[in-house]
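Q: So you can see what is in the structure, the chains are spelled out below.
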Amino acid sequence: MLRVVDLSKQYWTGDTPQVVFDGLSFSLEQGETMALLGASGSGKTTLLNLISGIDTPDSGNVFLDDVDVHALVEPERTLLRRRHVGFVFQFFNLIPTLKVGENVALPLELLGEDNNAAQQSAGTLLQEVGLGGMANRYPETLSGGEQQRAAIARALAHRPALLLADEPTGNLDEETGGRIIELLTGLARQQGTTMLLVTHSSRVGRATDRVLRLSQGHVAVD
Amino acid sequence: MIAVNFFSPLLLRAGLRYMLRHRWQGLLAVSGIALGVAVVLAVDLANSGARAAFELSAQQLQGKTTHRLVAPGSSLPDDIYVDLLRQSGAPPMAPVVNGWVEVEGGSGRYQLVGFDLFAEAPFRSQLTGVANRAGFTSDWLTQPGALVLGAAAAAALGVDTGDTLNIVYRGKTENLHVLHIEARQSRAADDLMLVDIATAKSVLSLHDQISYVDLILDAPAEQWVKLRLPASAQLQTVADQAQGVTRLSAAFELNLTAMSLLALLVGMFLIFNAMMFSMVQRRNLFGRLRAIGVTPRELFRLILLEALILAVAGTALGLLLGIWLGQGLTRLVAATVSELYYNVSVTALQLDWTSLITAAVLGVVATLLATMVPAWHAARTPPLTTLSRAALEQSARRGVPLWALFGLLLLLAGLLLALVVPGGVILSFAGLFLLVLGAAMMTPMLIRAVHRLLTRAALPGIWRMGVRDLDRHLSRLGIAVAALMVALSASVGVGVMVDSMRGSVNNWLGDLLSADLYVAAEGFDEGAHLPAAVVAEVARLGTVATLSRYRDRILPLADRRVELIGASLATQSRRGYAMLSSTSSTWQEFDTGSVLVSEPLAYHLGLKPGTHLKLPTPKGPLEVRVAGIFRDYASEHGRIILDEAVYLQHWPDQPVKTLALFARNGDIKSMRREVSELAARYTVVITPAAAILEESMAVFDRTFRVTDVLRIVSLIVAFIGVLSALMALQLERGKEYAVLRALGLTRGQIAGLISGESLLLGFLAACVAIPTGVLMAWVLIESVQRRAFGWTMPFSVDSALLLQTLFVGLLAAGLAAIYPAWRSALRDPAPQLRED
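First to last, the protein sequences are chains A and B.
Going by numbering that gives the first Met the number 0, the letters in the first sequence line up with residues 0 to 221, in that order.
Going by numbering that gives the first Met the number 0, the letters in the second sequence line up with residues 0 to 835, in that order.
Mixed in with the good hints there might be a few duds.
What the hints assert, rightly or not - SDA-like mimics (lysine to any residue), calculated; alpha carbons at most 20 Å apart, straight line:
id, chain 1, residue 1, chain 2, residue 2
1, B, K171, B, D207
2, B, K618, B, P555
3, B, K63, B, V237
4, B, K734, A, P95
5, B, K734, A, F90
6, B, K618, B, P654
Quick caveat, the hints were computed from the structure, so don't treat them as lab data.
Nothing here was measured: the structure is a model prediction, and the numbers come from that model.
Kindly produce the complete structure, drawing on both the sequences and the hints.
A: Okay, here's the thing in C-alpha cells:
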C-alpha cells in the first residue's frame, strides 16, 4: 500500500549539509500499523512530510497505492492528501476558529460531502472517540487529551487509506497518551487503515504491528 | 481526479470567525478602506458639486435656448438685436442683461439678470410662470426696480415681499424692491435676482447695450442668423459656451483628484498591511489546512472572499464618511472655484450617483488588488513553510533587494514618464504615482540598512531588542513604514510645491507691482473701467511723475479665455516684467506693435520670440509678432500685452481699467493725498502695491486650503496604518512580552520598548519621505504644473518643512504606539505563558 524507495533528503545549514536520510526504503501493507522510532532530530517528522507530499525528497520515491507521490504536481499532491491521507499532529493542530464538530467535518466537506451529512458523520465519530456532546465547543475549551481525540476523529473522518501520526502522545501525560494510542490503533484497525506512527517512545511502539527504528538516516526493523 | 468545491462553507466560517476574534485588526483595515474611499468620494463630490451648481445655474438661465449671440469679451449693442428682430423670418429671440452684484450689508455675490418679459415666453419659465399671477405683469412693468428673488436668497438676506434691497455695483448703489419671492426655485438658483431688462441696464450701467441674445434655432434658422451676423458678434451654441467655462477649472479639479487618489494609495497600503498581518498571524492555521488537503486555490479564494467582506464594509462606511467630508470640502472647493474661475453658489451637497458608484468600485477593487499579493503569498507557500514561524520573514528578507531593485526601476520609469516622455498632465500624474510606489518598494531596503547600522552601535539591551525587531518583523514593519512614508512624502511634495509657488508668486508680484499707487475701477467683473475724466485728471496731477495705463478684455483664443491687455507702460513698469525669453530689441518691437505673451499661453501654443499669433478683432483677424515671453501666474489661460496705441486701433472704445502711478521725487504721501481728493468725486479704488500684494497672497493661501485638508486626511490614514501594524505585532508577540515580563522586565520597560520601536519606524518613514517628497515636488513643479497650467517656477525647499515632516512622522508613530504599549504592558503574562 505504501512503498518508500531509496529516499534521500538533506538540509543545508550554511554551507554544511545535514543528511537526514540516505537511501531509506521500507513498505507497509494495507491495514498494517507501524511505529517509526527515533530520537529527536532523527528525521521522523521529515519522513512523514515526505510521505504525505508536504515536503519533497532530494531523490527516491514514495508510492501510495502505486501512485508516485512526488511525480505529481503540488495541487495534485494536496488533493491526494485530502482524499487518501489522515494526519494526527503532536500539537493537535485543530482549527481554532471552528468548533470541534466542524473540525471533524472539514475533511468531509472538502471532499464535497453535504454539510449536514458531514456534521452527522462527525457526530458519530466524536461519539466513537468519546467526545459525544462536545461537537459545539471550541478546541481551546478542551483538555489536551480531548483535543487529540478530536484530532484523531478529524484524521479518520474521511476514511483515509493512510493515517500518519506525528508524536500523537508527545504533548500528553502517560495515562492519557496510552489511551490515545489505544484509540488510534483500534480505530485504524477497525477501518482497515494503514497507519504510520512516529514516536520516540518504545512503549507506544508496542501497540503497532511493526516497529521501524530510524537512526542516522537508515532504518532497522525490530 | 477529485472535483474541488468552489468554496467550503466551513472554510469561510473559519475565516469569518477569525475576523470576529481579531476585531481590532478588522476594524483598522475597514478604517483604512473607509478613509481612502471617503477622501476620493469627498473630492469627487466637491468637484462635481461645484460643476453641477454652475451647470444648473446656467441651465436655468438657458431654458429652451439653443444658441446665444455674444460679442466676445464685451457687451452687445442693442442695435444688433433690434436689427435682427425686425427682419422678416426672425427666429425667437430674447435679450438678456446680466452681471454680478453685491447687496449692501449682505455677504456673497448675486447674479442680477434682466429679462424682457414679452420675449421670454418661448425661453424660460422663471418670469412667465410668475407672470400669470394677478397683477404681476403690470407691477413688473410699472414699478421701477421690481425684483423677483428665490426663497433661499430671500431668507439669506432676511427680506420679504415689499422690502427694499440696496444693490451695489462698482461702488454705485441702487434700490430695488422685492416684488415676489419664488419658492419653487432649485438650490442652483440661490444667487439669482430677476429684474426687468431696463432695471438691469440701469443697475449695471449698460446703456444701449445688452449682455447677450438668446435664440431658439433649428438648422435653417441658424443659417438665417449667420447670414445676417455683424463681424463683432458671434453665434455660439449654449453647450459650447457652458463647456468653455467649465473647462477653466479642469486642471484645478485634476490636482484635487490626484491628491485624493494619493490618499487612496495610502489606504491601499493599509489594506495590504492589514491583510499581510492577517496572513502572517494565521500561517499556522493555513499550514494545518494545507496539511489536511486544502489547495492553494481554495486558500486564495478564502482570503479574497474575506477581503471582499472587509471591502464592502469599509466601502459602505467610506461612502457615508465621504458624504460627510464632502459637505465641508464642497464649500471649500466652491469658494476656491468662485475665487479663481467662475462664480458658483453651493449651499448643500448634491449626491451624484456616478461619484458614489466610482468611489464604491474603487474601494472594492483597490482592496482586492491590495490583497492579491498577501493572498498569493499565503496560498503559494508550501505547507511546511507555512507552518514555519521564521519562513515568512526569511522569504521577506530574501525578497528585499529584489523589491528595492524593482522599486528603483519604477521610480526611474516614473521620472521618465513625467519629465522626459512628452504628454499631458495625466502622464505626469502616472509618473508621480510610479515614483511614489517605487520609493515605497525601496523602503524595506532602507530599514535593513538602518538595522545594520544600529546593530553595530552599542545600544543597551532593551533597545538592542527593538532594533533587532526591525529585521525580525520586516515583512510587517516594512509595509507600515512604507504607508507612513507615502503619506509623509505626499505632504512634503505638495508642501514644497506650494511653498515654491508661493515664493515665486510673491517675487513675481513684488516685481510687477513696481508702481507706488494703483487706481482701479470699483467692481469685479470683466467690464469694470475707470471714468475717462479720472484718467485725464490723474495724468495732470503735479505729484505724479509718470504713469502706466492698462485696458483689458477677454479674447477667445484656441479654446482659452485669454486676457488681452492694451498697455502704455512707463519705464519702471517695464522693468517689473520678468522676461523668460526675449531679445535685445523686445521692448522696441513691443512699441511698434509686437506683443508680449505670458508663459502659460506661450507653452500651450508653442510660441517664442519671432513667431506670429492671430488675434480675433472686430475688424477681422490681426496677425501680431511675439516680441517676448514673460513670467506670469495671473492666468493659466494666458495674457497678451499689446501697446496701447495699436490696441486702440482695433478696440477704440475700450476704456482704461487700471492706472499705475509713480510719485514725483518719491513723494508718495503727497501723491496719495492728491489722488484721494480726486477719487472722492468718483467711484474708484486707490490701492498701494503692498496692499495688492497682501490681498493676492491671501487669495493664494485660501486656494490651497483644500490641499491642506487632503494632506491632513492622508496623514490620518497613515497614522491608522502604523497603529494597525503595531496592534497586530503586539498581538503576535504577546507571548514574547509575557516571557520578558516573567524574566523581570517592568511594565514601563515593555511600554518603552514598543514606543521606542514605533518612534524608530516614524523616524525611518520620515527619512525616506523627505527625499521622496522633494522628488515629488520636483515632478509636480517641472511636469504637473507645467503641463496643467503652463507655468514654471524656481524650486525652493524650506528646511522648516522638512523638520516639520520629521516631527509629524515621529508624532504619528508615537501616538500610534500609545494604545498598543498600554495594552501590552497591562496584559497579564500568565495565560500567555500557558499557551502552546
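Q: Against this structure, judge whether each hint is valid.
A: Right, here's what the structure says about each hint:
1. B/K171 - B/D207: 19 Å, holds
2. B/K618 - B/P555: Distance of about 15 Å is within 20 Å: holds.
3. B/K63 - B/V237: 10 Å, holds
4. B/K734 - A/P95: 17 Å, holds
5. B/K734 - A/F90: 17 Å, holds
6. B/K618 - B/P654: 18 Å, holds
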